[in-house]
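Put together the whole structure using the sequences plus the hints.
Chain by chain, the residues run as shown.
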Amino acid sequence: MSKLDHNNIKSELSYAWLHAVASRASVICHIGNRHDDNAGVDARLTGWPAMERYVGRHLSEVDVNVQLKATAQKMVNHNGLLSYSLSNLKHYNDLRSDNLVTPRILVVLFLPKQQQQWLEVGNDGLLLRQCAYWVSLLGAKPSTNQSRQTVYLPVKQRFDPPGLTTLITQLAYREPLLYQEPP
Amino acid sequence: MIDPADLRDFICSQGWNQRQEWLEDRLYVLENPAFPRRQLVFPMDKTASDYDECIRRVIGKMGELMRIGPDELLSRMRWLREDVLQFRIVSDHDPVSTLPLGFALSMVNGIQMMLKATACSVVHPRLHHARMVVSPALRLIERTRFNQTQAGSFIMRVSCPIDALEPLDSPDHPLLPEMTQPIPFVRRVTMTLQQGLAQLIEAIELDQVDAWIGSLRQSSRPLVSANLCQALGCFHDSSLDHALSIQFDWSPLQAVAATINNRPLWIRNDDFARIAAIQDQLRQEDTPREERLIGTVEQLNGVMDQEGYRSGEVVVALLLPGGNTVHAKVTLDRNDYAKAYQAHMQHGLYAQISGRLHAGNQPQQITDLTHFELVHPDHFSPCQMTLPAL
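In order, the protein sequences belong to chains A and B.
Residues in the first sequence are numbered from 437 upward in steps of one, following the numbering used here.
Residues in the second sequence are numbered from -16 upward in steps of one, following the numbering used here.
Quick caveat, the hints were computed from the structure, so don't treat them as lab data.
Treat the hints loosely; a few may be bogus.
To be verified - Sample of chain A residues facing chain B (criterion: CB under 8 Å; computed from the structure): (1) Ala475; (2) Trp484; (3) Arg493; (4) Ser496; (5) Glu497; (6) Leu536; (7) Val537; (8) Thr538; (9) Arg610.
To be verified - Here are a few chain A residues that sit away from chain B, every Cβ distance over 10 Å (derived from the structure): (10) Ala456; (11) Leu495; (12) Ala508; (13) Asp530.
Please read these numbers as outputs of a predicted model, since none were measured by experiment.
Note that beta-carbon positions come from the ideal geometry of N, C-alpha and C, so glycine has one too.
Printed below as a string of structure tokens:
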């Protein structure tokens, strides 16, 4: 065991974001084990859709696997899409696979460049900057690159409690969350 | 990983109900009234990329709900379609940590006998089954499996007390030349076994079997015998693709040769065929020494030649030390055959034979015959096996 380095801190903060949002949305967050890590799954969320508001065939318990990333790179917004460079092509292919039973999403926590600004604690609360967004890469095109692939996360898909609740409900109906390639 | 239909059947056996409407999506979705708003969801097909992960998740959830550990749950699922019998030896006095080896073998035989007897009783109810060869009983035994007591436990352990027997008279041992104190017999045996197995495995791995067998023949203390090879064959099942690992844990109360490597010895599946071949080679090349043998003539199987004399094979019952007898064949010329005839026809008349007796199934074979004479019982004691001088 050793002191956390830069990347470890970012990683832990992304888990903290995931946990906090899931808890507020009444969603259980399981941190992945060694098997999950080999499969590119950092965490699993288990949630229950608000059944009283919806009808039709739907699951009453939903699981979604999460691959979690954190970056201090500058957020670049292209027409409502935030770009992120995924460094592991295996993970990219795992995320875009259409042969998965359990839906899988990518959650990226965008952190400020200045490390001092990542986390602030005061008498009025704890502030974790800056924001996390999610995307489903289901159906994305195969990569033609050697090692990295840029993906685009919609700004409207902020990873927050209402957004997560909506996501759980969509998945309860087994709606495929297809990736929208950037124009 | 468990088959999806088997998992479905197991979950249903625990009170869960299947939602039929999800079958068109190739999903098993199961609910249980005892656990409202909980569902177990997994694919009907093993082809899903995350099939294993789905199953692990379902087992984890089910374990949480039923308050059963995942290993226990998996164990129950594994025997979904089987009745499992567990036999446990319990002692009222001391905790039973070991059993005599013969007893362990007896228990395994007892289980087989128990199942056979009961199967026979099902087919033909009666108080005694003279021969338990009823086809359903035999097929039941064929299909019955010997299970692990826990995952990974197909380990058979035997313990040999190092002070169980007195040391041999000669304290020296090729592996411990520096020892001046007698080495316990049991330790000699276990060290010899370890080294013999290590040599055997190395010879196979390095493809130097022929050279190694040559060295065995020239050695005054070969560490490996055909019998040892035959014993290794008992650890091989041709219907399984398996390896054998042998580990020695030495009592610290007695020194072990420095040359001994404590790593486990591995015999791979392919090695067993080589070992069987080595066994044959060692048995064939084990030329028996010439010895004097004495016995009675039991059978005359000779043939008549053109001159009207019989010669050929006779079968003798050789008297061995300890009161044992062994039947052996020997080929005689006409003169010796005539003597054999006389020994066969006259009560109490023995044959004294000089030759090489080859071990094996009876009747064994006597070759290189150099001497065949009749011996009157007055000239020796069959009980004492004191042979008269030639």
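Cross-check of the supplied hints:
Look at Ala475 of chain A: its Cβ gets to within about 6 Å of chain B, closer than 8 Å, so that hint holds up. Hint status for Trp484 of chain A relative to chain B: holds, with the closest Cβ pair at about 6 Å, below 8 Å. Because the beta carbon of Arg493 of chain A sits about 5 Å from the nearest beta carbon in chain B, less than 8 Å, this interface hint is met. At a threshold of 8 Å, the smallest CB-CB gap from Ser496 of chain A to chain B is about 5 Å, leaving the interface hint in force.
With a least beta-carbon distance of about 4 Å to chain B, the hint placing Glu497 of chain A at the interface is held under the 8 Å criterion. Contact between Leu536 of chain A and chain B, as hinted, is supported at the beta carbon level, the nearest pair being about 5 Å apart and thus within 8 Å. The interface hint given for Val537 of chain A holds, since its Cβ lies 5 Å from the closest Cβ of chain B, which is under the 8 Å cut-off. Interface hint status for Thr538 of chain A: upheld, as the beta-carbon distance to the closest one in chain B is roughly 6 Å, under 8 Å.
Annotation: Arg610 of chain A was flagged as interfacial toward chain B, and the flag holds, the nearest CB pair being 7 Å apart, inside 8 Å. Non-interface status of Ala456 of chain A relative to chain B is upheld: no Cβ of that chain comes within 10 Å, the nearest being about 23 Å off. At roughly 6 Å, the least C-beta separation between Leu495 of chain A and chain B is not larger than 10 Å, which violates its mark as non-interface. At the 10 Å boundary, the C-beta of Ala508 of chain A stays outside the reach of chain B, the nearest C-beta of that chain being 31 Å off.
For Asp530 of chain A, the shortest C-beta to C-beta distance to chain B comes to about 8 Å, within the 10 Å cut-off, and the non-interface label is violated.
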